[in-house]
Amino acid sequence: MLQIRLHGRGGQGVVTAAEMLSLAAFLEGHFAQAFPSFGSERTGAPVVAYARIGEGEIRTHEPIQNPDVVIVQDKTLLGSVDVFGGLNPQGYAIINSKDPAEKVVPELVKMLPEGHVFTVPATDFAMQKIGKPLPGAPMLASLAAATDILKLESVQKSFQSRYPGKIGDANAETAALAYNYIKDSKKGGSNA
Amino acid sequence: MLRQIEGSLGVAQAVALCRPGVVCAYPISPQTHIVENVGKFVKTGALKDCDFLNVESEFSAISVAIGSAAGGCRTYTATASQGLLYMAEGIYSASGLGLPIVMTVASRAIGGPINIWNDHSDSLSQRDSGWLQLFCESNQDAVDTHIMAFKIAEKVGLPVMVCMDGFVLTHAFERLDIPSQEQIDEFLPPYEPREYLTTKEPVSIGAMVGPEAFTEVRFLQQRKMAKALKVIEEVTAEYRKLTGSKSGGLLECYNCENADLKLIIMGSTVGTAKDEIDRLKKEGINVGIISLKSFRPFPYEAMRQAIGDTKQVICLERAFSFGGRGIICPEVKRAMEGTNCDIKTAVCGLGGRAIYGTTINAMVKHALAGKFTEEFTWFDVDSNVLNSYTKNAEGVTFPEGPLGASQLEASVKHA
Chain X
1 MLQIRLHGRG GQGVVTAAEM LSLAAFLEGH FAQAFPSFGS ERTGAPVVAY ARIGEGEIRT
61 HEPIQNPDVV IVQDKTLLGS VDVFGGLNPQ GYAIINSKDP AEKVVPELVK MLPEGHVFTV
121 PATDFAMQKI GKPLPGAPML ASLAAATDIL KLESVQKSFQ SRYPGKIGDA NAETAALAYN
181 YIKDSKKGGS NA
Chain G
193 MLRQIEGSLG VAQAVALCRP GVVCAYPISP QTHIVENVGK FVKTGALKDC DFLNVESEFS
253 AISVAIGSAA GGCRTYTATA SQGLLYMAEG IYSASGLGLP IVMTVASRAI GGPINIWNDH
313 SDSLSQRDSG WLQLFCESNQ DAVDTHIMAF KIAEKVGLPV MVCMDGFVLT HAFERLDIPS
373 QEQIDEFLPP YEPREYLTTK EPVSIGAMVG PEAFTEVRFL QQRKMAKALK VIEEVTAEYR
433 KLTGSKSGGL LECYNCENAD LKLIIMGSTV GTAKDEIDRL KKEGINVGII SLKSFRPFPY
493 EAMRQAIGDT KQVICLERAF SFGGRGIICP EVKRAMEGTN CDIKTAVCGL GGRAIYGTTI
553 NAMVKHALAG KFTEEFTWFD VDSNVLNSYT KNAEGVTFPE GPLGASQLEA SVKHA
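Top to bottom, those sequences are chains X and G.
According to our numbering, the residues represented by the first sequence are 1 to 192, in order.
According to our numbering, the residues represented by the second sequence are 193 to 607, in order.
In case anyone wonders, no lab produced these hints; they're calculated from the structure.
A hint or two may mislead.
[What the hints assert, rightly or not] Residues on chain G that point at chain X, a partial pick, calculated with CB under 7 angstroms:
(1) 366
(2) 367
(3) 467
(4) 546
[As the list claims (entries may be wrong)] Derived pair list, reagent style DSS-like, types lysine-lysine, alpha-carbon separation capped at 27 angstroms:
(5) 166(X) - 183(X)
(6) 166(X) - 235(G)
(7) 438(G) - 422(G)
(8) 525(G) - 422(G)
(9) 132(X) - 75(X)
(10) 166(X) - 232(G)
(11) 129(X) - 186(X)
(12) 240(G) - 347(G)
(13) 232(G) - 157(X)
From the three backbone atoms N, C-alpha and C, an ideal C-beta is built for every residue, glycine too.
Using the sequences provided together with the hints, build the complete structure.
Dropping the structure here:
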């Protein structure tokens with residue numbers, strides 16, 4: 001079972017991203033589960049959501065303490081919340097930032113295996129296509145590109161089924177930008 | 193049909209499949225998404241011949257539900273926490289009148305202090321209300337149990353609370369198998385009340401009953417509860433056969449054969465505990481889980497059989513009785529009267545404190561080491577938080593780890 005923890009701030013679609021992640025996994029025939037950390041939701045407040053992907057029924061309902069993947073939708077959390085707490089030493093981290101991982105989280109880059117920490121300018125991509133700072137779709141597409149646990153098409157389809165029409169399509173386009181960005185950086189391209 | 197949806201939407205779909213004639217509700221977290229979705233189904237025409245009533249309070253919600261059920265209409269509502277308490281007067285009327293209302297309780301702590309998170313203090317506060325109380329261990333269980341609840345309520349002639357853990361289940365996106373309308377139409381025919389209020393043949397119900405017959409009315413109400421035990425089993429068997437589901441029942445055993453210890457758990461913690469019990473098995477530790485589904489009526493006989501000759505039982509309780517002790521444990525003790533089974537309460541998971549697999553692991557090890565020496569233990573209490581108050585205020589400090597009731601009592605003597 002793969003356990004994913006998503007960090008962001010209220011209003012950034014963190015909970016929706018976790019739900020769409022579970023839907024994308026479901027569309028590929030996996031068992032999946034997503035749930036928010038339940039708090040008094042306020043715009044801008046730190047928010048955590050969780051997702052699990054497995055090949056059998058997911059019975060547990062405990063919050064994820066030892067994630068295999070951490071997704072950080074807002075890099076201003078890095079100094080204030082222990083977003084990487086309990087992260088599997090063989091796990092992955094994906095951070096929403098224009099700057100390279102070595103600059104944003106140098107210690108994490110040293111701690112995790114090579115090529116397991118990624119940054120992606122997800123908010124910029126979202127502004128280009130959606131016109132709003134909603135980095136959920138590009139962050140999930142980055143996860144798909146970084147780990148190959150999901151196809152880009154499944155991520156796109158999950159947003160398009162939740163938001164049929166323009167908004168879903170814009171999310172799908174944003175996802176493609178991020179997917180290609182990470183694939184390119186994995187090949188050692190200009191984004192590396 | 194398999195779908196990846198929020199538990200609340202799954203329950204709303206289950207309710208819609210049952211073709212209720214009236215749905216009334218007042219929003220309160222974490223129940224809100226359920227009734228919002230049912231409201232959408234009514235508005236879009238997906239749920240036909242149903243009146244959705246927005247009311248101005250929970251008291252009105254239960255009042256409308258009583259009126260519509262007394263009028264012979266299949267009726268649904270939902271609430272949680274303080275909202276359930278605000279209904280309390282009507283809740284007793286509904287059961288006393290034998291009205292087969294189905295109500296979701298998206299279980300949540302009761303304030304004050306304000307706490308919106310999950311425990312069982314709200315549902316268990318209505319233990320003696322005369323409603324059936326069915327607890328759900330997963331969202332699939334919740335979907336199926338809601339459908340069964342209508343049939344059970346109508347067969348028994350009593351209202352049913354379907355208790356599902358607030359947020360933990362209501363807000364979780366999971367794979368759900370939603371039965372088809374054809375299946376449910378076959379399972380649950382249109383509601384045909386034996387008697388109901390109509391202007392054509394006016395009658396009154398719930399009139400005053402004096403001392404000469406009140407005891408007998410209560411006796412007959414209790415008799416319905418006894419009937420409910422059988423009906424729950426029958427309806428569960430019928431539903432499982434029709435859908436292939438594993439949901440419902442009075443209680444469910446997991447890994448119970450030759451278990452050295454059994455945990456009795458209600459609600460979503462069961463799934464977390466099952467995973468941990470599987471891990472413990474690899475260490476050679478054999479622990480069974482009894483998932484208690486029907487808290488009211490309490491299945492004493494089924495519980496006795498489920499415990500069998502196991503000598504040690506821990507009731508994981510997510511609510512307790514102030515000035516008393518556990519709520520589940522005394523029932524289990526009654527079930528096991530005359531045996532030498534050791535039955536204890538471990539209170540944990542209050543007000544949303546997460547119960548992890550590690551919590552279950554620690555509980556099992558604590559039990560097998562013989563450390564549950566008292567009937568009631570505060571299992572996941574944080575002594576640092578306690579001491580931050582009691583040390584300055586009274587010069588009292590508590591040690592780390594689980595605290596027995598006697599430690600609490602002794603701390604008062606020394607104060």
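**Asked** Per the CB criterion, is residue 546(G) less than 7 angstroms away from chain X?
**Response** holds (5 angstroms)
**Request:** Would you mind confirming whether the straight-line C-alpha gap from residue 129(X) to residue 186(X) stays at or under 27 angstroms?
**Result:** Roughly 23 angstroms separates the two Cα atoms, so the pair holds.
**Message:** Checking hints one by one. Is residue 467(G) an interface residue toward chain X, by the C-beta closer than 7 angstroms rule?
**Reply:** holds (5 angstroms)
**Asked** Holds or violated: are the alpha carbons of residue 166(X) and residue 183(X) at most 27 angstroms from each other?
**Response** OK: residue 166(X) and residue 183(X) at ~26 angstroms, within 27 angstroms.
**Asked** Quick one, are residue 525(G) and residue 422(G) close enough, alpha carbons at most 27 angstroms?
**Response** holds (22 angstroms)
**Asked** Does residue 367(G) pass the interface check with chain X, least Cβ-Cβ distance below 7 angstroms?
**Response** Check passed: Cβ of residue 367(G) comes within 6 angstroms of chain X, closer than 7 angstroms.
**Message:** Less than 7 angstroms between beta-carbons is the criterion; does residue 366(G) satisfy it with respect to chain X?
**Reply:** Interface hint status for residue 366(G): holds (5 angstroms vs cutoff 7 angstroms).
**Message:** Can you confirm whether the C-alpha distance between residue 438(G) and residue 422(G) stays at or below 27 angstroms?
**Reply:** holds (18 angstroms)
**Item:** Pair hint residue 166(X) and residue 232(G), alpha-carbon separation not exceeding 27 angstroms
**Value:** holds (22 angstroms)
**Message:** So if I understand the rule, the pair passes when the alpha-carbon distance is 27 angstroms or less; does residue 240(G) with residue 347(G) pass?
**Reply:** Satisfied, since the Cα-Cα distance of roughly 24 angstroms is no more than 27 angstroms.
**Request:** Take a quick look at whether residue 232(G) and residue 157(X) sit within 27 angstroms of each other, Cα to Cα.
**Result:** holds (24 angstroms)
**Message:** Check whether the Cα positions of residue 132(X) and residue 75(X) lie no farther apart than 27 angstroms.
**Reply:** Distance ~17 angstroms between residue 132(X) and residue 75(X) Cα, so the pair holds.
Hint check: no violations occur; every hint is consistent with the structure.
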